[in-house]
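Starting from the structure of chain A, add chain B with the ligands where the hints point.
Those sequence lines, one after another, are chains A and B.
For the first sequence, counting from 1, position 51 maps to 51 in full-length UniProt numbering; every step adds exactly one.
For the second sequence, counting from 1, position 39 maps to 39 in full-length UniProt numbering; every step adds exactly one.
It is worth saying that the hints were derived from the structure and are not from the lab.
Bear in mind the structure is a predicted one, so any value in this text is a computation, not a measurement.
The beta carbon of each residue, even a glycine, is placed where N, CA and C say it ideally should be.
Incorrect hints may have been included.
[Said to hold, decoys possible] In silico contact screen, one side only, chain B against chain A (beta carbon under 10 Å); selected entries:
#, residue
1, 18
2, 22
3, 24
4, 43
5, 57
6, 59
7, 61
8, 62
9, 65
Here is what each chain is made of, one letter per residue.
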Amino acid sequence: MTTHHPAPHHPAAHHAAAHHPRAHHPAVVDAEACSAALDRGETLPWTWYADPAITALEQERIFRRSWSYVGRTDQVAQPGQFFTCEVGGVPIVVTRDRSGGLNALVNVCRHRGAQVVREDCGTRKSLQCFYHAWTYGLDGSLRGVPRGDREADFDTSQLGLRRASVDTWGPFVFVHLDPEPAPLTEMLGELPELLAAGGIDLERMRFHHRVYYTIEANWKIAVENYLECYHCPVAHPGLADVLDVSPDAYELEVRPTFATHHGVVRDIPREAGYPVQGPVVEGQYHLVWPSLKVNVNPGQPNLSFGPVHPAGPERTTGYLDYFFGDDVDEAWIKAMLAFDDQVGAEDTDLVESVQRGASSGGVERGRLLLGSEHTISAFQRFVLGRLRED
Amino acid sequence: MTHVITDACVDEKDASCMEECPVDCIYEGGSRMYIHPGECIDCGLCAEVCPNGAAVALRLLDPAAAAVHGPANDAFFTRVLPGRQAPLGSPGGASRLGPLDVDPS
Ligand code: SF4
Ligand code: SF4
Ligand code: FES
Ligand SMILES: [Fe+2]
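Extracted from the complex, chain A is given alone in its bound form:
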């Protein structure tokens, strides 16, 4: 893993904006009571699933203080290649500079705030702002300011694009707004070992395609749905044909920085939607706090990887990057994707229904089954803990 620490003289992007003077934000009422409710198997209050103040606080205290998956190394393999993304609502451009360095730069012009790079991805020789043509290098340093030489004491060395931290794990690029974050390895924990043990060799996985999606629901509802398989026998008949989803066979586990599910292929196979036999004998589904999904279905080596973002209190956007082993054939991929799309469509329907209930005000909170949904309590404890941090 290579860490690219930003130059120390660039303060973190969030330092300027984020810290709230009070320990307890007014939106987080009764944090103690919420914590006690979680212990009893109750959920966070449903009002937290439709409140713009909570979403803003989550952006600030969760997403701006976590490593975010933003894209792949193949998108920035060559000097000059870049892609844009957002981390906690802050626009970021990731670049490969001419000396081979990987940079994550806050994509806000230091002059008057225009977005310097407006394309999703591509190749550029420099980062020139389209407003007044301030010219930054691919490493974010400010190289030219029209009429700058007419100003007294115009110090361009202090006006480079703000830097964020960037790190990689295999083909995955992560960004953190803090200039000195806790290491990415800490967030990933044992995930690399779990994937390897499950038959996924990242060196041999090839990117296949990306799927973007929007869900009309709070991001936490999308995550919480992902975190349990109590609904699988009821809502995912296709999945239940492939995996043994009974409570004794299907395992849920909470680890310090993520939750994990393991599902084994049925002993006596049912007629399944795709050929489930192969070197990958288990489905593994992980959610790394706050919102990174890592999915492996049984069968041939396959992996889908992607974040969930709040796009408003009642809207979620996300994408999944699909990877397959380098020798997996297209027919298998197509069959597996059809199965996967079906499960995804079923989940969207569930999640949007929960949002309508949550935001109706008809009921204050939900009641979890701690035997089958403790992963949700763990997630909500993580959220509550972050929201209480100043």
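Below, chain B with the ligands without anything else, positioned relative to chain A:
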């Protein structure tokens, strides 16, 4: 102040600078490029992208070099080029003018 192109550009002309210049003020002559001193906004992009170090800020050149390269760029626009009746003046864009196959004598 402005940027200028030096004779390190002669016969190179890979034109990276022309493609990138935000105000299209880098003009193509017979053997090299010339920057229009009045149209250039001094953004520094050409210097950033030129693979040959031929595009430079005039203010960063030593006085002797500046005395050569400043006028050498200006000449393309202020002198009457071979085969023409009048100086180019300020054409308002290299793509509008197109490449010329002459240099100031
Ligand atoms: S990029 Fe440099 S060498 Fe190429 S044409 Fe422009 S000034 Fe000349
Ligand atoms: S400094 Fe900027 S405006 Fe001037 S010639 Fe170079 S690229 Fe064009
Ligand atoms: S806002 Fe970028 S140059 Fe003015
Ligand atoms: Fe589901």
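### Task
Please write out, lowest number first, the hints stated earlier that are contradicted by the structure.
1, 3, 7, 8, 9
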